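Below, each chain spelled out in residue letters.
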Amino acid sequence: MPIERSKEWWLARIDEEPDGPIGAGSIAAEPGEATSSAAAEEGSGTTFAEFVHLLRRREGLSIDEFAEAVNIDLTEAQAIEEDPYYCVEGRTVWYIARKFNFSQAKLNDLAGVTVANDLDPHVAQQRFAARSELRGRLSEEELDLLNAVVRAIQDRADRAQA
Amino acid sequence: MTFETAPRFLRDLETGDVVPADLVYGIGLPHVMDWHTAWQPALGAIKAALHEQGVPKPEWPQTGHWNWAAKVAEAQDIIGFRMFSVTAAGMTQALMRVDLTKPARMEDASGRPLVYVDYLEVAPWNQSFAGTRKKYRGAGPILLTAAVELSIDEGFKGRVGLHSLPQSESFYEKQGMIDFGPDAKVQNLRYYEMTSDGAQALLAQE
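First to last, the protein sequences are chains A and B. The first sequence begins at 1 in the working numbering and counts up by one. The second sequence begins at 1 in the working numbering and counts up by one.
One or more of the hints may lead you astray.
Claimed, not checked - Subject to a maximum C-alpha distance of 20 angstroms in a straight line, what follows is the list of computed DMTMM-like cross-link-like pairs (lysine to aspartate or glutamate):
hint	chain 1	residue 1	chain 2	residue 2
1	B	Lys102	B	Glu193
2	A	Lys7	B	Asp12
3	B	Lys174	A	Glu16
4	B	Lys157	A	Asp15
5	A	Lys99	A	Asp73
6	B	Lys57	A	Glu76
7	B	Lys57	A	Asp19
8	A	Lys99	A	Glu68
9	B	Lys102	B	Glu74
10	B	Lys174	A	Glu68
11	B	Lys174	A	Asp73
12	A	Lys7	B	Asp17
Since the hints were made in silico from the structure, they are not lab data. Just so you know, these numbers come straight off a predicted model, no measurement behind them.
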């Protein structure tokens, strides 16, 4: 049952709101989203954004250097890692695959990862949020995750060729 | 589906005018569409601007990954959830989902039910980042008051709990909520609780 209050009462209430953002709730990945360990085990549930992030850091590249290396705009490189709603173009996937010597089969799998990223854009964004500017060494957990993804891509490519 | 509404107000900070608004007792497809078609691009523009200005990531919007379509779909299958929207000027200005199954932590009400604010988010243009001015002020208090009202309606005596985003802590403290400190189970966000006395004070007539 809505409370009955005067307009003045409500104005006093709304003017209490500070200038900063107002929000509440868990900022973690939601239930059902991949966790780092699950992704490492399955090699799936890892988004294209995460994959690129890990790949870049494994190579010791800054975002600028990565963009230059794969011949894409800096803004696009930033968007891939930081914007969960960014739709990666096939051309970009191809550039990345070419730069890092992925086979055509792997390229196809990368494109598959891209589709998953588009379909489930919010997955684990914060897992690497605020760290995407880093170029430091990967932790063991991050390296395991990257290797698991690469293995999964290779396995699928091998199965496709069998 | 049509939801009940109650008249509320927002303050347009550009003009200083009072703008009529509605508290909507639900989140429907139009609200989800607003989130998708208007909130997300606005959020992207804010993030791009913050990046350009070199604003540290901890000061960026922290709710960009929230998927309200999924939250609404999930809530429709579970009895213990309730949802609210604030609309004004033909647009969804804020969204909230609450959970009625969580217990209170306050010592004298420990274990008793409360309205737990699962998620509360205001539209990106109603948030202020790195010196930008928000468009409308007031959606936060409208939704917090709605949570208190619901708590009273449910017989929970106005008890409300929530985990505050770091940038919002001062707001909840000013509303009289008790700070239980960082919660290691929820990304170390500070947990706040509104007591029944606090609720009475919040809803007190002028």
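Quiz item: Hey, Lys7 (chain A) versus Asp17 (chain B), does the alpha-carbon distance stay inside 20 angstroms?
Solution: Roughly 13 angstroms between the alpha carbons, so the hint for Lys7 (chain A) and Asp17 (chain B) holds.
Quiz item: For the pair supplied as a hint, Lys102 (chain B) and Glu74 (chain B), is the alpha-carbon distance within the 20 angstroms limit?
Solution: At roughly 17 angstroms apart (the allowed maximum being 20 angstroms), Glu74 (chain B) and Lys102 (chain B) satisfy the hint.
Quiz item: Within 20 angstroms, alpha carbon to alpha carbon, are Lys57 (chain B) and Asp19 (chain A)?
Solution: holds (19 angstroms)
Quiz item: Is the Cα-Cα distance between Lys157 (chain B) and Asp15 (chain A) 20 angstroms or less?
Solution: With a Cα-Cα distance of about 25 angstroms, the restraint between Lys157 (chain B) and Asp15 (chain A) is violated, given a limit of 20 angstroms.
Self-check item: Straight-line alpha-carbon gap Lys174 (chain B) to Asp73 (chain A), limit 20 angstroms
Solution: Roughly 45 angstroms between the alpha carbons, so the hint for Lys174 (chain B) and Asp73 (chain A) is violated.
Quiz item: Does Lys7 (chain A) pair with Asp12 (chain B) here, judged by a C-alpha cut-off of 20 angstroms?
Solution: Satisfied, since the Cα-Cα distance of roughly 15 angstroms is no more than 20 angstroms.
Quiz item: Are the Cα positions of Lys102 (chain B) and Glu193 (chain B) separated by 20 angstroms at most?
Solution: holds (12 angstroms)
Quiz item: Does Lys99 (chain A) pair with Asp73 (chain A) here, judged by a C-alpha cut-off of 20 angstroms?
Solution: It holds: about 15 angstroms lies between the C-alpha atoms, which stays within 20 angstroms.
Quiz item: Is Lys99 (chain A) close enough to Glu68 (chain A), meaning Cα to Cα at most 20 angstroms?
Solution: At roughly 11 angstroms apart (the allowed maximum being 20 angstroms), Glu68 (chain A) and Lys99 (chain A) satisfy the hint.
Quiz item: For the pair supplied as a hint, Lys174 (chain B) and Glu16 (chain A), is the alpha-carbon distance within the 20 angstroms limit?
Solution: Judged against 20 angstroms, a Cα distance of about 8 angstroms means the pair holds.
Exercise. Starting from Lys174 (chain B), check that the Cα of Glu68 (chain A) is at most 20 angstroms away, please.
Key: Outside the cut-off at roughly 49 angstroms; violated.
Practice problem: Please work out if Lys57 (chain B) and Glu76 (chain A) have their alpha carbons no farther apart than 20 angstroms. | Solution: Holds, at about 18 angstroms.
Hint compliance for this structure: hints 4, 10, 11 are broken, all remaining hints hold.
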